[in-house]
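There are 2 protein chains.
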Amino acid sequence: MSSARSVFFISDRTGITAETLGQSLLTQFPLDCLPISLPFTDSPQAVDDAITRIEAAGEASGERPIVFSTIIDAGLRNRLRRVNAVVFDFFDTFIAPLESELGMESSHTIGRSHGMADPGAYNLRIDAMNYALSADDGGVVRHYEQADVVLVGVSRSGKTPTCIYLALHYGIFAANYPLTDDDLLSGRLPEVLRPHRHHLYALTIRPERLAQIRAERRPNSRYASLRQCQYETARAEGLYHQEKLPWSDTTTMSIEELAATIIQTCKLPRRLY
Amino acid sequence: MSSARSVFFISDRTGITAETLGQSLLTQFPLDCLPISLPFTDSPQAVDDAITRIEAAGEASGERPIVFSTIIDAGLRNRLRRVNAVVFDFFDTFIAPLESELGMESSHTIGRSHGMADPGAYNLRIDAMNYALSADDGGVVRHYEQADVVLVGVSRSGKTPTCIYLALHYGIFAANYPLTDDDLLSGRLPEVLRPHRHHLYALTIRPERLAQIRAERRPNSRYASLRQCQYETARAEGLYHQEKLPWSDTTTMSIEELAATIIQTCKLPRRLY
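As they're listed, the protein sequences go chains A and C. In this text, residue positions in the first sequence follow the working numbering: the first is -18, and each later residue adds one. In this text, residue positions in the second sequence follow the working numbering: the first is -18, and each later residue adds one.
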């Protein structure tokens, strides 16, 4: 007997929408969940298998499982309704009112959610990602003129994942500039960044957290010492202040929040939806 | 006058859920949309600004805009209801039935959708991403024993973005192995991959598309010639066949679809929800 409630995300495609949607609702409840994804449930047999699995989970725990469904095919949706579980059917709920508002019928076919399969969008994501990777740390300063935004921060403050997320999710060209010891010492904006100062966004992080992250890479190093982290973040924040750069403290932000914040603050051109 | 229908995604957080949800519904309709995101709409003033903006779009186009909302705060949701637009309110629709099923009240506070702000999940994503980057192309063969999966394919067949997506979205450790000329010539599984053959997943791509992608990097090169691309993909596919590797043709798949397919086929351990 488990005390966690079984939650299923079922979809005839990747399941990403069902997961995002369901998780977002569940964060509203102090609930211990056991999440299970059932992507590509796209045939009567697959639906029957899913029903078996869902009901087995219900019997094992003694509580009706919760099911978030984004199955698009009407026949499969009907089939799923027989399951002994609480089903939240995303398409049933929204498609009918949308049809009436738009005055058109929905295709009821498995479409291209995530719209990334079209070559233009695919190329854009890949180009943006390659750009993020090639313009990544290591002191190689290049192609900043192509950047929609340049993230500035000390080592391990969260620049790289944020750049890659901006590329993959939004098609934004994000470069990054790691602040060097010299930069921190001089307390001035590095020469190479000056022409791009209107495209800069700065990151900081609490020194305790930075020390922890760095220690995973290089335990017991000066680099990872709390003292060094305190020095670097204090100098960096002083610089941001003086140069009036927009900035975020990444300590308790998710990559998603940080990316959305940067886009909004810098009014970045969003290239993918 | 624009013929595209204005669609707004409004949220008191990043807006990612509203976008995913709304886009997924809209793919069901042959509709020309003008999508606009309004993230961080988290105060009465921000809601009023959003209403002004939405109604202006409606007046400009002569059609009521469509609004997908994931605003969590009950007061702000009420405030938004005054807008002259078609509002699909995600929380209104699902929270009440969920409360009654769970026998508890929702917190009605802005929660942690995307759950990435907790340090464990954050570290895992970053570790997995650093792994994907360090184990990336360039012939450096290392740490395959740590890999949940190793993607195999010719240059530019989609390995790197897929590895990074698997890391960021699912916390999966994905390495990649670019097939070399020697590998293709020998027609056998490279020595270094043999110990990991149960963790391999192969990618292929249509030669016309590959030539197009490569031409963007190195126009008019032998590398980008259709003939070379035909040779490489044919040899690679022969190898996959012979070695009975699971594989996908990435030509018309989105990164999301590919990632979900690999996870399902290889039964990979999903570390993030």
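Hints were generated in silico from the structure; no laboratory data involved. Be aware that a few hints might be false.
Just so you know, same-sequence chains aren't split out, so a pair can sit in one copy or run between any two.
[What the hints assert, rightly or not] Here are the computed lysine to aspartate or glutamate pairs in the DMTMM-like style, where the Cα-Cα straight-line distance is at most 20 Å:
hint, residue 1, residue 2
1, 248, 30
2, 225, 80
3, 248, 230
4, 248, 44
5, 225, 172
Now the hints, each set against the structure:
{"no.": "1", "hint": "248 to 30", "result": "between (47 Å within a copy, 16 Å between copies)"}
{"no.": "2", "hint": "225 to 80", "result": "neither (49 Å within a copy, 46 Å between copies)"}
{"no.": "3", "hint": "248 to 230", "result": "within (19 Å within a copy, 37 Å between copies)"}
{"no.": "4", "hint": "248 to 44", "result": "neither (47 Å within a copy, 26 Å between copies)"}
{"no.": "5", "hint": "225 to 172", "result": "within (16 Å within a copy, 55 Å between copies)"}
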